[in-house]
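Undergrad: Chain by chain, the residues run as shown.
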Amino acid sequence: MTMFVSDWQWGYDGWIVVITALVAMTCAIPGSFLLVRRQSMLGDAVSHAVLPGIAIGFLVSGTRDGGWMLAGAIVAGLATAMLTQVLRRVGGVDRGAALGVVFTTLFALGLVLIVQAGDSVDLDPSCVLYGQVELAPLDVVVVRGIEVPRAVPWLLGVLAVTFLSVQVLWKELLVASFDPATAAAQGGRPNLMQQVLMVLVAAGCVVAFEAVGSILVVSLLVAPAAAARLVTNRLRPMMFIAMSIGVVAAVGGHLSALTVPGWLALETTDVSTSGSTAVFATLLVILAVLASPQQGLLFGTFRRLALRFRIAEEDLLGVLYRREVESRGLGQPTGVHLSELGGGGPGLAFRGMMRLAAIRLRWAGYVTPFRLIPHPDQIKLTEAGRVRATVLIRRHRLWELYLAGAAAIPLDHLHATAMDLEHLAQPDLLASLEAEAAKSVHDPQGREIPRG
Amino acid sequence: MSDGIATIFAMGTPSLAVASTGGEDFLRILLLQDFNTRVVVAGAMLLGAVGGVVGTFLLLRRRALMGDVMGHAMLPGVAAAFLAVQALGLERSLPVLLLGGGIAATLAGLAVIGLRRVSQLDDDATMAIVLSGFFGLGVVLLSVVQSSGGGGQAGLEDFVFGKTASMVTSDVVVIAIGGLLVLSVAVLFFKEFRLLCFDDAFAASLGRPVMGLDLLLLSMTVVTALVGLQAVGLILVVALLVIPAAAARFLTDDLRWTVAFSSLIGAVGCWLGVTLSAAAPGLPAGAMIVLATAGLFVVALFTGPKRGLLPRWWLGRSLRRAVGRDHLLRSMLECREVTGNGEITAAELMMNRSWSRGGLSGLLRVARRAGEMIQIDRDRWRLTDRGEIEAAAMVRNHRLWEHYLLEYAHLAPSHVDRAADRIEHVLDPVLVRRLETELGALVDAGPPASPHPLADETPPGDDVVAGGNES
Amino acid sequence: MPVHHRHRNPPIGPEHDPQAALSIHDVTVAYHRRPVLWDLDLDIPRGVLAAVVGPNGAGKSTMIKACLDLVPRVSGSIRLLGDELAAVQGRIGYVPQRETVDWDFPVSALDVVCMGLYRKIGWFRSVRRRHRNAAMEALDRVGLADFAGRQISRLSGGQQQRVFLARALVQEADLYFMDEPFASVDAATEEAILEVLRSLRDAGRTVIVVHHDLQTTRDYFDWLVLLNTRLVAAGSIEETWTPENLRATYGGRLTLLEAAGWAMGTAGSGQRRS
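Chains as they are written, first to last, in the numbering used here: chain A, 1 to 452; chain B, 1001 to 1471; chain C, 2001 to 2274.
No lab work stands behind these hints, which were simulated from the structure alone. Think of the CB as a built atom: it goes at the ideal place given N, C-alpha and C, for glycine as much as any other residue. Careful, some of the hints might be misleading.
Reference excerpt, derived from the structure (chain C facing chain A, CB under 7 Å, subset only) [said to hold, decoys possible]:
{"no.": "1", "residue": "D2039"}
{"no.": "2", "residue": "A2259"}
{"no.": "3", "residue": "A2260"}
Bound conformation, chain A alone (with noise of 0.2 Å):
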């Protein structure tokens, strides 16, 4: 860390990234399953509603930490999940709006009651809504002759009873977010799911209240959940790549509040940890977004990319392997001026591909100059090339007989489709293809199927 920043301190600084940590992989469990329910922004709602239960509890015990001010909250969250279904229920009040009614009336109602309760408590509405994760290792205990921040212990058992509440109500909670109709005919108790689901976050909103403030718990709930799911497509391990996520977010969160700054040339020493926690996160979702192996931009781009590159290395096959065919017997040249590809008039994009895929295509071995002067430009195929045209044209042909016989697509329309179906190498699409087609030898226009 020190090399990253000049003056790093473990004994605070270490402590802040621990404590950011601790809540994120709290947030991570209920917010996994947010997600895959598709109610993020009951999480939101959650985060801004449980100011009044945090308040009530506050102002009942007199204190900032211990049971109350959780029990507040969770009471606080769970009413406002099951007003929002009430309001939908029986008022048939749309979902967002539902929320919205609930979760801005109860954050008014929190505020109200910070304010009256005026000067005589030391609790602002501020501090709940950004946190103040900067003050948090200057408060501490000593447990077993070592001096750790207040907030830790506490977090950790928050942490263990979600995490345990999630272990042993994995089962449950995975058919209850999934399939409720399902669940509740078994006897899944769905709703008690949801209510479940709804503790764990208000219980995460309060320990957020403690680093990130209750408005950003959102960020931690929601994002590490969201980059999660664009890398894995399963619940399992998208709740601990959630969690890791959330730690990560946690360094580089605290780490860009100390450096950017310095960067940017500002004079500003104490930039919000939290707030550059949210940031961070929501740069990590934009990563994945970009990045994910399924469905991320850049991969996708590069396999299309990729994909373009070999259909034009394999329609040049294509076309020296017909132009031998053609010309078996006539004894002509068998080979292609690249010039000769060009009858639609190509782009420059599509002439540039085709000049690459006939370098590629040399050095591996498939073509060669059939010139005597040898030229890029004037290839043939060599015994290797004809093998790996063969196959393709087979391919061709089996896609042909298939779409003329099952899918019964006009003659006019086969070489098209195929064309595009060629390319398709999934060895269990082949497969069944080679079955559909078996029987026959000739493709629907009477040309020969060479043999794969």
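Given the coordinates of chain A, assemble chains B and C onto it according to the supplied hints.
TA: Here is chains B and C on its own, set in the frame of chain A:
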């Protein structure tokens, strides 16, 4: 940073009533005797009205929570504008800060749309991510503002929680300009927004630019949220967009009236909130506006004539009662047709139709009060003349339907009774006349004969479908 | 792979029959790059009542939506009434599936029908008395004149469908697309809708209907399009209503073609010949 915020927040609390709140002062505020009060109240009410209009369209387009995203997303814009103004050494002015907020909110709206397109995350997740990301950035910039010192950050903090009481005439002018702009766009495009919200596929098939209209609605939301910042702050500005619109849906079934009621509720809620916050110290105006509007929402939820809970409950109750009365009168006639005796015991009625004992005695009580039946002794009842006429009409309706269903719907005779049972209570006179012309010759003055043997009507053990307690 | 076919398909314009009401040439439609409708090629003449028939997931609604540019197509071209969609948009009517809208919406039946006139009324102008009169006439034609002022959630399913039909009628279009107008309506409504459709056809308009009920197809329609992820047959009902065609349409899904579609979707190669 918390010290700064705490003091700033403490400054945010004083309401119009200032320090001395006597009943006299409250009256002054209620009667709008101060110029300053008039300014604040006018600004707040205008704001509420605009929020109600835009909110209705957002709600019907199922984008109610976009207001939440927009509101939160303004923080970084406002803070960045503040920093920029400070760096350039200019005077802090409201329009510049609002411009910053507006740009940030627009970016957030576009980010939601863009993220949804490229990422396959659902609506809720994209909104929550954009909201928290922008707000996080806002908190960061706010901390930069605070630690860099310089005066005037108090004004910034007001944007978070709102500070209606500090509104001055120039602020109200800004609100008025923004509000009128939004209102005139809403009027001009009313037709198109109605189409967009109801059936966007059809709008597209007419060649209407769905995307463009959505963006227009988005920018109206931005402007509304901007002018709302002053009054309720960016966290609660969504309340102005959501609560009045949701409340108005209970009051009417017509879009024009929904918009009108929604803006009325918004305006009244804002006025109430401002006035209430003036009534006692320590009631922040922004929060009071939200609570007052929510109060109006609850009133609408219970009493709204179209979808309110109480009217619906009352309607269900009176329908159940009417159905019960119809069944009772018809049973009396039918029992008499079977036994030939006009004096019917409750036990005989219970045989005729599966009532519950309590339900039957309740119905009998109501019928006696209405003068349709008289109680001869403890157990026996008889129809009055008036009851006789009503019951005859009842039976006539029922049997007409039975014949119709037999004739046209080809139901089996054993089923027509139950089917007719369900239909007969919802007959309006127009339908009865149509029925009569349809059936032509079958009809004469009296009830036509039953097309099925009456003894079979409800065999013992038959289920309760034909019973008096269906609704 | 947008360009690599050009050397084989010289850029001659697609041959569209200018007399056809709907002319689809070589159209492939994909959702998320996964083709769901392959190589569609068909002409529907003017003045017919045409049914688009096929099993679930055959791409019937997709075909209609592609004609109206409501879903992007990856290849091919479509001519409506001999022209591009944009040029004839005012002469096209559309009845979406009933489930696609929120029937709790605060509008009356008359308001909904008036929506069919919004294009004619134009921007910035409001609905006037004569528009409402036209809408009332259309409601009367579908037998709902008595229900004009009623909020749409208080109409039965069949009546809601008829309101949609009236909205299309008021468009006075020459070519209508209707997505499952007969889905879950009562017998009386079915009768009423059919009568309206026939009167449209008799007035020389073309009506293209996505239909799910094979029992009634032969009696109701005079032109038939059989779809199952690709065109099986299209033509007059006498020619196309054959056991072989029906078997080809309903005889199971083309699993291999579907799998190929999925493979193209994941490989990201579905955008061919754009």
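Undergrad: What hints, given by number in increasing order, does this structure fail?
TA: none
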